[in-house]
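**Q** As a plain string of letters, each chain reads:
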Amino acid sequence: MTASYTTLKMGAVAYAPKVITIWEGFKAHFIEQGLYFDYVLYSNYESLTEALMDGTVQLAWNSPLAFVRAELMARAAGQQVRSIAMRDTDMDVQSLLVVRADSPAQALADLRGQTLGFGAIDSPQATLIPLDHLRQHGLLAGQDFQPRRFDVLGGKHGDHIGGERLAAKAMVAGEIAASWMVAKNYLAFAAEGTLPAGTTRVLDTSQPFDHCNMTAGPSISAADAARFTEILLAMSWDDPLIRPLLELEGLKVWHPGRASGYEPLSRAVRDERFYDEAGRILAADYRY
Amino acid sequence: MPLVDLGRLGFDAGAHLLVKHGLAAVAVGESIRVSGQAPGWQAQLAAWCQAQGHALQTPTGWLRQPALLVRRGSAQAGRWRHAAVAGHSDASQPGAVAAQADPAWGLAARGAAVEAGAPAFAFRLQDKAEFWSDQAGDLYAQAVAAQWNADTDIDWDQAPEPPAVIEDAIVQVMTYMVENENAALIVPARFLGELHPHYRELQAALAIQVADEARHIDVFTRRIRRHGREPALSTAGGQASLHSLLAEKDFSVAGFLLSVLGEGSFVNLLQFLQTYAPDPLTRQICRLAARDEARHVALGMSHLLHRLKQEPDFRHRLAQAVEARHDALAGTSGLNEEVFDALILVGAGAMSADALALGSQGVQQLMQDMADGRYTKLVRLGFERGHAQELASLHTRNFM
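Protein chains in written order, with our numbering: chain A, 1 to 288; chain B, 1 to 400.
What the hints contain is simulated information worked out from the structure, not anything from laboratory work.
Just so we're clear, the structure is a prediction, and the values are computed from it rather than from any experiment.
Think of the CB as a built atom: it goes at the ideal place given N, C-alpha and C, for glycine as much as any other residue.
Keep in mind that the hints are not guaranteed to be accurate.
Away from chain B, derived, C-beta distances all over 10 angstroms, residues of chain A [said to hold, decoys possible]:
1. ALA16
2. ILE20
3. GLU24
4. THR89
5. ASP92
6. VAL93
7. GLN94
8. ALA183
9. LEU203
10. ASP204
11. TRP237
12. ASP238
13. ARG243
14. LYS252
15. ARG258
16. SER260
Short, incomplete list of chain A residues facing chain B, as computed with Cβ under 10 angstroms [claimed, not checked]:
17. LYS27
18. ILE31
19. GLN33
20. LEU35
21. VAL152
22. THR200
The calculated label-pair distances, taken between Cβ atoms and stated as ranges, are [said to hold, decoys possible]:
23. VAL26(B) with ARG287(A): 15 to 21 angstroms
24. GLY193(B) with TYR36(A): 25 to 31 angstroms
25. ASP54(A) with LEU18(B): 37 to 43 angstroms
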């Protein structure tokens, strides 16, 4: 495909101030390696995905949900998107259902009729994957348990972990029977003291799923996609100038992208009626 | 293969330390086995390994397996690959104190491994020759041992009120001394903030010197207030003299003017007061302060001897500094009349002709002692005798 752009652009979502530091650093490094790209920040993943699909940007640093939506939109339009790179920390991530250590619940079934805590409405790890997990085990929201959503910053697809933290606090305080969080946040919440050591218990674990990826959109040239991937994958943790960028972005190593880890989320999106088959937003109370 | 058993410990309560410890015992690329009983420990281990860059083996059904394999990753080793070792904590070890401290060593403890990529700190004083003294560590230790407490080491009740005219004189001298101690505090304090922390012995010596001066300012002020008085007079000439000290940016030159010549003279002044002050309280204060000032002189001298040994030509720079300061202050009145008269009165102890004659003699002797002290130090610093005599006489008439 012939490139229809003059400047290669990568879009990302500004979920925190550090995002600017990260992409300024990446941009400088890429220029040093001989590839110029500009980055564009969006306030939410829905606008970013639309920009990727209409060719405003050629690349998107995507949340898993944004990738699922881009795939749906591409399929409906007869186009293609590709996951070209992922962080080591994006592969085989799991969400945990956490209860207080003294909770009588020993299995999922014991939570029937209880109130369970979730993250933001668009959080893959703290809402969509957990709802799907419970559905696969015969528990439907509103029917078999009461969902309580801790909605923080819609449109950020759960990148802002505030929702998970609020849910965890409500669980610790006994306001809800259990709460969902991604495993790395379980460790982070324990380290920061939100989860007092030894007072909580992991009741259940989701199946592994993949998190963010660098998505190449329909408009990117094969050469640009290949060069961008090559420079990204060559970023080394051992390089003291690169290491701070990788630390900020939360990885040690970039891996080639894969699309195989999004199956549980795709199913959740369909079953929970978040997007339709063409990637149009269905969730009525979704604000971003 | 080593086995690490987490027991019922979860990663919310420190399980990672057991895994970390286990991995530290094997080489990068080698594996350990980890077992546990805490609910969901496998998923917690997976998240921790991922964040740390270690590889967890996840065969089918791994979430229910009693033990899992973790292969040690290279991220931790990678972080320290180009780390710099900044000298050695013990200054007496060969090569412990670098001739030039790297700005990127920053605030790290001397001897620590410093990760590459740390920000470069802008410490102006990072060339050892410009400030170092091999005695700094010992002088700091002496200073720590000799610290005194103004509340418990001084008997504030041993202060019979002298005749008003003598008390006024004491208050004037103390007022002058506070002013001088302000300079003696600020000069090392400014260099302290510019000194690369790699040179920690000097850093400590300067820091305690600053603390000494703060204590002197406190006790001199309390002495002024002992019988209900307020500080007396401060002259433009006196301040001009001190102003020229604060303007000096070179550590060695500033140390030469302040510590060696200024504080050296100050020791004589304090000894004079220790001899002539009418009340035990003032004598006690001056005895304790003189002890501190002698240490400050020793630090300044030891640095200059160190620098001149490597850079004998630096003597010219020191001589120039004395001459330049003398020229700059030529248009000022030098020691203020009030201080001079006050010293005579303290030396006299009474407002009578005989007493004043003795007081005047005492002050003349003080001037001579100060000049002799400066001369001796200049000779010790390698100045030729005639030159030393000349420079000693050029020192500011303000003493400091």
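**Q** Take a quick look at LYS252(A) and tell me if its Cβ sits farther than 10 angstroms from every Cβ on chain B, holds or violated.
**A** violated, 4 angstroms
**Q** Decide, holds or violated, for the assertion that all CB atoms of chain B are farther than 10 angstroms from the CB of ASP204(A).
**A** violated, 8 angstroms
**Q** Does LEU35(A) meet its interface restraint, that is, does its C-beta lie within less than 10 angstroms of any C-beta in chain B?
**A** violated, 23 angstroms
**Q** Min Cβ distance, VAL152(A) to chain B: is it shorter than 10 angstroms?
**A** For VAL152(A), the interface hint is violated, since the closest Cβ of chain B sits about 21 angstroms away, which is over 10 angstroms.
**Q** Report holds if the minimum CB distance from LEU203(A) to chain B is greater than 10 angstroms, and violated otherwise.
**A** violated, 7 angstroms
**Q** Take a quick look at ALA183(A) and tell me if its Cβ sits farther than 10 angstroms from every Cβ on chain B, holds or violated.
**A** violated, 3 angstroms
**Q** Check the non-interface label on ARG243(A): least C-beta distance to chain B beyond 10 angstroms or not.
**A** violated, 6 angstroms
**Q** Hint THR200(A) vs chain B: min CB-CB distance below 10 angstroms?
**A** holds, 6 angstroms
**Q** Would the non-interface assignment of SER260(A) survive a Cβ cutoff of 10 angstroms against chain B?
**A** For SER260(A), whose nearest Cβ neighbour in chain B is about 14 angstroms away, the distance exceeds 10 angstroms, so it holds.
**Q** Just double-check GLU24(A) for me: nearest Cβ-Cβ distance to chain B has to come out over 10 angstroms.
**A** Holds, since 16 angstroms exceeds 10 angstroms.
**Q** Verify that the Cβ of ARG258(A) lies farther than 10 angstroms from every Cβ atom of chain B, and report whether the claim holds or is violated.
**A** holds, 15 angstroms
**Q** Between the beta carbons of ASP54(A) and LEU18(B), is the distance compatible with 37 to 43 angstroms?
**A** violated, 51 angstroms
Going through the hint list in order, the structure does not satisfy hints 4, 5, 6, 7, 8, 9, 10, 11, 12, 13, 14, 17, 18, 19, 20, 21, 23, 24, 25.
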